[in-house]
Amino acid sequence: MSNILTLLIFFPLIAAIFGFFVNKNSIRVYGIAVSAAEFLLSLWLWKSYDSAQAGFQFVEKMPLIPDFGISYYLGVDGISLFIVIMATLMTMIGIIALSVKDGLKNLIITLLFLEVAMVGVFVSLDVILFYVFWEFSLVPMLYIIGAWGGSKRVYAAIKFFIYTFAGSLVMLVGILYLAYLYYTTTGVWSFSLTDWYALLLPMTVQKYLFWAFFLGFAIKVPMFPFHTWLPYAHGQAPTVGSVILAAVLLKMGSYGFVRFSLPLFPDASVAYITPVAVIAIIMIIYTAMVAYAQKDMKQVIAYSSISHMGVIIIGTFAMNAEGISGSIFQMLSHGIVSGALFMLVGVIYDRRHTKLMSEFGGLAKVMPTYATIFVIMTMASVGLPLTIGFIGEYLSLAGFFKVSPLMTVIAGTSIIVGAVYMLSLVKKSFFGPVTNPENEKLKDLDSKELWALIPLVAIVVWLGIYPKPVLGPINNSTKALVQLMHNKAQTPEAKKIILVSKKAKEAK
Amino acid sequence: MEAIAFYTFSILITGLFLVTVFSRNILYAMSSLAAGMVLISGLFFIMRADFLGAVQLVVYSGAIMALYAFGMMFFDATRDVKEKNSSASSVFLLSGISAVILVAIFAAPAIGEHIKPLVTAAKGLDNTQAIGEILFTKYLIPFEVAAVMLLVAMVAGIVLASKKMDQSLSEIYQDADPENELKEQK
Amino acid sequence: MENYVYIALFAPLVSSLFAALFAQKPKIQLVGIVTSVLIIVSLLASLTLLLHIEETGKAVSVTLMDWIQAGDMDIKFGFTVDQVTAVMMSVVTLVSSVVHVYSNYYMESDRSFNRFFSYLSAFVFSMMILVMSDNFLGLFIGWEGVGVCSWLLIGFWYDKKDVTRDINPSISPSWAANEAFIMNRIADLGMLVGIFMIYWNLGTLKYSEVFAHLDTLSHGMLVGIGIALFIGAMGKSAQFPLHTWLADAMEGPTPVSALIHAATMVTAGVYLVIRANPLYSQIPEVGYFIAVLGTFVAIFAASMALVNRDLKRVIAYSTLSQLGYMFAAAGLGAYWVALFHLAAHAFFKALLFVGAGNVMHAMHDELDMFKMGGLKKQMKWTFLYMGVASLALSGIYPFAGFFSKDTILEAAFNEHTYGIWFVLWFTAGLTAFYSFRQVFMVFFGDERYHELGVHPHEAKPYALWAMAPLAVLALIFGFFKEDFVEFVTKFLPAYEMSEHTEHMVWILTIVTTAIALTGIIIAYFKYSKGLKRNLEFEKKNKVYNLLINQYYIPILYEKTFSKPYKELSEIAWKEIDMEIVDAGVDGIAKAVKVMGDESRKMQNGNLSSYLKWMVAGFIIVTVVSLLTVVIK
Amino acid sequence: MTIGLSHYLILSAILFSVGLAGVLRRKNLLMLFFATEIMLNAANIAFAAISVHIGDLSGQMFALFIIAIAASEVAVGLGLLILIYKKYGTLDLDNLSIMKG
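Protein chains in written order, with numbering that gives the first Met the number 0: chain C, 0 to 507; chain E, 0 to 185; chain F, 0 to 631; chain U, 0 to 100.
Hint data in this document are derived by calculation from the structure and do not stem from the laboratory. Any given hint might turn out to be false.
Claimed, not checked - Here are some chain F residues pointing at chain E (derived, C-beta under 7 Å):
| # | residue |
| --- | --- |
| 1 | V614 |
| 2 | T621 |
| 3 | V623 |
From a predicted model like this one, the values you see are computed outputs, not experimental measurements. Note that the Cβ used here is the ideal one computed from N, Cα and C, for glycine as well.
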C-alpha cells in the first residue's frame, strides 16, 4: 500500500463529491462513516509507520510541472504523522457531535473538503503543493464560519480569510524567492522540501526569508499582535468550526515553523530566538489575562488557545530535541483538549443559546457528567501531570530553559495564569448555587455528545500516562531535524545553541 | 531647400492644428484640420515616401474629411461650440509636460542609433513599387484584414447612422410597420 | 516485595476508580466500605514494606514503565521504597485509613457520599506517588495530583455561594479551592524551574543519580536548585508568604482537613527537603534561610491561632505553625528530627481534626467556639481524644509531641542558633495556650450552645473506634524515638547532639515543659469558666484586629494581586486588545476602504477627466521608465 | 543644415502634444475626434520618418494601416456620434457623464 497518502487526501474529496448525491436524511450517517473510514485509514498509516526511522515515509513523488520543478510529493515523518491523525480524528468527532439542523448536508460536505486540505497540508513535501493546500483550507472554513456562524459571522469570516490570506501571500513571496535562489545556486528548479533542506543560504538572505515565512505562520498560529481574528472566528463559528479551527488549523502555523523556518533558516532562527520568544511570552501572559477578563465561555477558550500556542512557539524555538518534541506534542494535546473544550461549550450553547458565564453557575449540580468531563479537560488544559497537557508544556519549557532560564521562568507563568482563567471559568459556570431558574432543568450529556467526548477523555488520559507510542516517533524525527539544523548552521552562535542530543551523537 | 520646405510645412501644420484645437467654430476647426492634413502629405513627399503622401491626400484629406463634412450635417455646425474649460491650466500642464517628455525622448541621441531595418526595400525600385511589393507579400494578411475591417466599419457606420433615436434595434424591427412611419411623419 | 509496592500504590487508585463509578449515584454504603478496605490494604502493604526494609535495610525499587522520552530526557515511572519513603507511606496510609473509616460516619448523610470517597482515595494515590517516586518528575506528578485532589475536596461543597469576607473569611469553598490551587501553582513553577536546572546540569532526574553527582555542580548552581525546589515546598507546605490558602482550605469537609491539610499533603514540602537532604546539606546558607523562615512561620501562625474563634481555623494555624517547626529542623540539618515530628504531628493533628469533626457534627456545623462550651458531658470520648491530641501538640510528656518538639528545640540549641531556639521555645508556649484555649472553650465552661438550640451528641462508636489508632499513636509514638532514629538514619544523615547539648538536655526539657504548662494554665484560667465575648475589646484592640484579620495579608493580597490583575485583565482586553490591536487591524482595513471610496471619485463619468487621469498616468509611467534608464 | 530624423520626430512629438491638448481641452465630442486625428497623423509622421531614415518599409506600412484604421474609426465613430446627438441633443462631454462610478 504505497499510495496510502494519496488515498488519505483524495478519499474525503471523492466522498465529498458523492455526498452531494446522498439523501438529506442519511447524510449524517454518511458523514460519520466517511470520516471514520478516513480516521481508520490514518490509524493504519500509523500502524504501518516504522517508528524506528526518522526520515520521511510513504513517500510519493510524481512531477507535475517539471519545468519549474513542481511535483506531487508526499510523505510523513514523526512530526506530521500525528497531526494528520489528529486532523482526521477531530473531523470525525466534530461530525459525530454535530448539532446543526439547517444545511447539515452542505456542512458535512464542506467539512470533508476541509479534511482534504488539512491532510494535504501536513503530508505535502512539495512547497507549492503545500501552499495550495494551505490556501485551500481557508475556503471551507470561510464557508463554515460565514454560513453556519453567529450573528456577526460575515465580519468574522471575512476577517479570518483576509487576515490569514494576507499573511500567506507574504509567505508565497518568500517561497518564490527561495525557489529562485535554489535555481540560481543549483541551476535547476525545484520546489521539493527535501531539496531545499540541502540548500545553504547566506545569513543576510535567511533573515529576510525568515521574516517572510514568519509572517505567514505567525498570523496562522496566531501570534501576538496578529491574533485578533481568532476570537472573532471562534466567537462566531459553529461548534464544529471552532473545534477544527483550534485543533488543526492553528497547528498549520506552528507546524510551518518546525517544517520550514527551523530547518531552512537555522541561523536566522537562532538569531531571532529572543524577539520570537518575547512575542511568545507576551502571547502567553497577555492573552491569558485577556482570557481572564472574558465574559463569554467560548472566548475564554479562544484566548486560552493563543496562550497555549505561545508555549508551543517557545518549545519550537528551544532548538533542542526536548523542546521541539514537546512543542509538537503540545500541538496534539492542545488540539485535543481545546477541541474538546469547544465542543463542551457547544453542548451548553445548544441547550441555552448563550455562552455568557453570568448566565450559568452551579451547572455541576445539574449536569454532573458534563461538569466532570469539563473539569478533566480543564485540568488537561492547565497542564496537570498524567494528562496529555502536561507533557508538551513541560518539555517545551524544559527545552527552552536551556536557551534562556529567565525567559522560561516568565513563560512558565503560563501554568499559573492558565490556572487562573480556567479555574475562574469553572467556578463561575459550574460552582456556586444554581441562580438562574432556566438552568435548573438542563439535560446532561446525551449519547451523541458522550460518544464524541469519551474518546477524547480517553486519549487525554492515555497519552498523559503513556505517551511513548506518540512521543517516540516524534522524538526520532525531531532528533534528525535538530541534527540537520546543526549540520547546516553556519554561525558559531547557531552551532552552539542548536543542541544535538547526546544519544544521537553517540549513535553516530 | 529641404530645410526651408520642412520648416515652412512644420510651422504651417502646427499652426493649423492649433487652430483646430482651439477654435470655437467647428467649421474653422475642420477646415484647418483638412489643410493640415494636406500639408502633412507634403512632408511625406519631402521624405520621398511618395505613396504614403498620396494615400494621405486621398484618404485623409479626401475621404475622411469628406466624411466629417457629411457627418456634420447632422449637427448644428454653424453654431459656436460652447464649452466649459474650467481647468485649462491642468490641461496645458499635462500636455506641456508630455510634450517636453516626448521631445526630450526623441531628441535624445540614443534614438536612431539603435534602430535596425527589418525589411529593407529592394534596391532599384521606387517607393510606390516597393510598397506594392511588400504589401502583397509580407503584409498581405494584415492588408486583407484591414479591408474586412473597413467593410465592417462601413456597415457599422451605415447601421448606426440610420438608427432611430431612443429605441433599441429590436424595437426598430418591431416597429418597422409602414403605417406607423406614416403616422410619425404626420 | 515488588508486589507490595504495587499493592500499596494502586490499591488507592482502584479504590478511587471504584468509587468514581458510582459518583453520581445517591449514597451507597458499600462504596465507603470498599474504599476503606482498599486503603487499609494499602496500609498493610506499606507496613509490610516498612518491616521488610527494617529487616534488610535495603530499599525496594521498581520501574513500572517509560513515561517521557525526548531528546536526552528519559523519565520512567520508577518507584523506590527506602526508609524515608516507608515511613511516609506508613504515615500516609495510616492516617488515610482512619480518615476513610471515619468519613463513613462524617459524610453519612451527604448527597455526594460516593464522590467524596472517590476524591479521597485519589488523593491517597497521588500522595503515594509523591512519596514513592524515585525521580523528581514523578514527585511532581504526585505534587500536582495532590493539588488537584485538594482543589476538588476543598471545593467539595461547591454549591455554596460566595459571601463577603466579614461573614466567612474564606468566601466560599470553591473560592478557597481556587485560591489553594493557584497559590500552589505559583510555587510549582519554582519547583519546575528547579527540575529544569537539575535536568540541564546533570542530565537526569533520578534521585540516586542526581544526588550522586551533586559535587559536579558549582555552589551557585546548587543554591539555585535548592532555592527553586524550596519555593515549591513553600507552596505545598503553606509557608509564608504563600500561607493564606491553608486556613481558607478549611472550607473542605473536616476529614479532608484532617488528611490533607494537616497530616499529609502539607507535609510534602518537608518531605521534599528531607528527600533532597544531600543537596541541602551542601548549601547550609539556604538551609539556614529555611530554618529562619520556618521559625518565623511557627510564631506567625501561632499568633493568629491565639485569637481565632473558628474551631477549624485554630487547628489550621496550628498546623502551619508545626510545619514551621519541621522546616526549622530540616533547615538546620536535623532531617530525621523533621521527619519524626512530621510523623508525630500527622497522628495528633489528624486526631485533633477528626475530633473537631465530631464537635462540628454535634454542633450542626457551627464553628464558632464561643457558641460551644461544656461539651465534655455529652462528648466524653471526643473530649478525651482531643485532649490527648492537644497535650501531644503542646509537647507534654509522655505524648508524642513532647519527644519530637523537644528534639527540634535541642537541635536549634545545638546549632547555636539561639534566636531560633528562643522563638521556637516561646512558640511552644503559645501552642500550648491556644490548644488548650480551644479545648477549654469547647468542652468546659457553661453550655452556650443552648442558644443555638442544638442537642449535641457523641459520634457513633465505630467512628470513635476508628480514631483510636491515632490516639494511641499520639500517646506512645514518642517512645519509639530510638527505634525510629536507628531506622531512618540508615538513609538520612545522623544528627548527633554535641556533648554540650547533651548536658543541657534536661534543662532544656524542663524549660520547654514549663512554658507549655504555663500556656495551659493561662488558658485554663481564662477560658475554662464563664466566657463572654468582649465585643468592645474586639472592636478597639489593634493587636486583636491585626491577628484576627491574619495580619491583613489576605486583604493585602486581594488589593495588590487579585484586584489589579483583574483590572489589568479588563484593560488588556477592552483597552489594548480591542482598542489598539484589533482596532489597528480594522484600521488598516478601513484605510483601504477609504482609499477606495476616495479614488472612486475619479470615476465621475466625465470622459475629459478620465482622459486627464490617463495622461497623468502616462506621464508618470514614462517619467519612471525614463528615470530608470537615466539612473542605469 | 540638413533635416534629420530628429527633426521629424520632434515635429511629430509637438503635433502629438497639440492633439493631446485638444483631447484634454475640448469637451465637444466632435472636436475630440479631430484632436485624435491630429495625434494619429503625428504618429504617422514618426513612422514614416523612421521608415525612411533606416530604409525599412515596415514603418510606412504601419502608417498605411493607421490611415485605414482612422478611416474605420471615423466611420463608426461618426455613426455613434450621430446616435448620441440624436438621443441627448448635445455632444458636450460634461452633459454625458452617465458612466459615473
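Ascending list of hint numbers which this structure does not respect: 3
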